[in-house]
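Undergrad: Chain by chain, the residues run as shown.
Number of protein chains: 2
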Amino acid sequence: MESNNVVLLDFSGSSFGMRLRIALALKGIKYEAKEENLSDKSPLLLEMNPVHKKIPILIHNGKPICESLNILEYIDEVWHEKCPLLPSDPYQRSQARFWANYIDNKIYSTGRRVWSGKGEDQEEAKKEFIEIFKTLEGELGNKTYFGGDNLGFVDVALVPFTSWFYSYETCANFSIEAECRKLVVWQNCMENERVSKSLPHPHKIYDFVLELKHKLGLA
Amino acid sequence: MESNNVVLLDFSGSSFGMRLRIALALKGIKYEAKEENLSDKSPLLLEMNPVHKKIPILIHNGKPICESLNILEYIDEVWHEKCPLLPSDPYQRSQARFWANYIDNKIYSTGRRVWSGKGEDQEEAKKEFIEIFKTLEGELGNKTYFGGDNLGFVDVALVPFTSWFYSYETCANFSIEAECRKLVVWQNCMENERVSKSLPHPHKIYDFVLELKHKLGLA
Numbered sequence: 005m006e007s008n009n010v011v012l013l014d015f016s017g018s019s020f021g022m023r024l025r026i027a028l029a030l031k032g033i034k035y036e037a038k039e040e041n042l043s044d045k046s047p048l049l050l051e052m053n054p055v056h057k058k059i060p061i062l063i064h065n066g067k068p069i070c071e072s073l074n075i076l077e078y079i080d081e082v083w084h085e086k087c088p089l090l091p092s093d094p095y096q097r098s099q100a101r102f103w104a105n106y107i108d109n110k111i112y113s114t115g116r117r118v119w120s121g122k123g124e125d126q127e128e129a130k131k132e133f134i135e136i137f138k139t140l141e142g143e144l145g146n147k148t149y150f151g152g153d154n155l156g157f158v159d160v161a162l163v164p165f166t167s168w169f170y171s172y173e174t175c176a177n178f179s180i181e182a183e184c185r186k187l188v189v190w191q192n193c194m195e196n197e198r199v200s201k202s203l204p205h206p207h208k209i210y211d212f213v214l215e216l217k218h219k220l221g222l223a
Numbered sequence: 005m006e007s008n009n010v011v012l013l014d015f016s017g018s019s020f021g022m023r024l025r026i027a028l029a030l031k032g033i034k035y036e037a038k039e040e041n042l043s044d045k046s047p048l049l050l051e052m053n054p055v056h057k058k059i060p061i062l063i064h065n066g067k068p069i070c071e072s073l074n075i076l077e078y079i080d081e082v083w084h085e086k087c088p089l090l091p092s093d094p095y096q097r098s099q100a101r102f103w104a105n106y107i108d109n110k111i112y113s114t115g116r117r118v119w120s121g122k123g124e125d126q127e128e129a130k131k132e133f134i135e136i137f138k139t140l141e142g143e144l145g146n147k148t149y150f151g152g153d154n155l156g157f158v159d160v161a162l163v164p165f166t167s168w169f170y171s172y173e174t175c176a177n178f179s180i181e182a183e184c185r186k187l188v189v190w191q192n193c194m195e196n197e198r199v200s201k202s203l204p205h206p207h208k209i210y211d212f213v214l215e216l217k218h219k220l221g222l223a
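Quick mapping for you: the protein sequence lines, in order, are chains A and B. Quick note, the numbering used here runs 4 ahead of the 1-based positions in the first sequence. Quick note, the numbering used here runs 4 ahead of the 1-based positions in the second sequence.
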């Protein structure tokens, strides 16, 4: 039987790392988590991702895979039997990849402007942020999950950002919940045990955001 | 037998569109190409890609797929038999996706600063541009193609940008060839008939760049 040595180089506040903690938990894969200090990255991190020098990195039997959506596809391909994330139909797969990329291209950068911005730029970012989630609600439609009746690739790509909602809302004084009712229903559905356990408490993220704002001279 | 109605909404100067013209040609898929006017986008384009409103878009039996790497994977999955682009091994697949994403995240934006920039920013962009291709040469190593003995996903993702080399070099007065010898050898290998036919003449791209610079008030 093939041995599976799985190591995840990660940082607990990273939404990108959370995706992989969720996927590994859903699929019941045992792994060793190594928390990185992003201000003083380990030699292992720099060796395993010399191009981007970023977490998360999955090391499977000594070989590194980088970039969270790429790792998510890898995990889904290698351990496909339990809780498949991407559908088997090529068109449905293309749609899932499209929306996961949409999340990657929009939420992190706009979210950063929401928690770190000031004045007009922050107000603009809040509007854009709500628009992004309205667009995602449009894609969700009347389904329970983005994946349909079962959670899938897009759900796992998106749900980590909900652990940041409290920080976005507190830093920028607005309510995502009040604007995006459908998203809240979806979020409640996502709170099955294995997903919740892989997400940090929103207050822990907020502490991290305050620390970061302090470091950046924004607080 | 399943009917295949394939339409490509495209713009001839787009490196992202070229990827798909190459893939469709390599796989021998007949399709209708519809050239878009990017200053006056068609109602079909806006209907088929309401989120990003961008070419290229592949419409397969009436259903749209957007984002060039996503479309490339879709084409490879639906028409897998002839000239497979992604390898079958999950680790090799993850590496191909990693490098294709690297190309997407780096070349277009840095290339734009090379052809449109001025002074110090342009000099900086030229340096970064060469560094990007040096990194890609490192990945190519001693292989004929990024895909190994046969051209693959990364080769198709990258080769369209070579049709822009003349424009980059002429606008910014430098030589990519002089700095990146390995890349030139690779580029020559790529010039098999079906790839060449899918790429516009470098002078046509240069005319387009001059027109664009004029429109943007840079010429």
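No wet-lab data here; the hints were simulated from the structure. Remember, it's a predicted structure, so these values are computed and weren't measured experimentally. Be a bit skeptical, because a hint or two may be false.
Given that identical chains are not distinguished, each listed pair holds provided it fits within a single copy or across any two copies.
Restricting the straight-line Cα-Cα distance to at most 27 Å, the calculated cross-link-like pairs of lysine-lysine (DSSO-like) are [unchecked claim]:
1) Lys-186 to Lys-110
2) Lys-201 to Lys-122
3) Lys-186 to Lys-38
4) Lys-38 to Lys-122
5) Lys-110 to Lys-147
6) Lys-219 to Lys-208
7) Lys-57 to Lys-147
8) Lys-57 to Lys-110
9) Lys-86 to Lys-138
10) Lys-57 to Lys-86
Undergrad: A separate judgement is required for each hint: does it hold in the structure or not?
TA: The hints, checked one at a time:
1. Lys-186 to Lys-110: within (19 Å within a copy, 36 Å between copies)
2. Lys-201 to Lys-122: neither (33 Å within a copy, 51 Å between copies)
3. Lys-186 to Lys-38: neither (35 Å within a copy, 37 Å between copies)
4. Lys-38 to Lys-122: neither (35 Å within a copy, 44 Å between copies)
5. Lys-110 to Lys-147: Classified as within: same-chain Cα gap 22 Å, cross-chain 36 Å, threshold 27 Å.
6. Lys-219 to Lys-208: The answer is within: 17 Å in one copy meets 27 Å, while 49 Å across copies does not.
7. Lys-57 to Lys-147: between (38 Å within a copy, 25 Å between copies)
8. Lys-57 to Lys-110: Close inside one copy (22 Å) and across copies (15 Å); limit 27 Å.
9. Lys-86 to Lys-138: neither (31 Å within a copy, 41 Å between copies)
10. Lys-57 to Lys-86: Neither. Shortest intra-copy (31 Å) and inter-copy (37 Å) distances fail the 27 Å Cα cut-off.
Against the hints set out earlier in the document, violations occur for numbers 2, 3, 4, 9 and 10.
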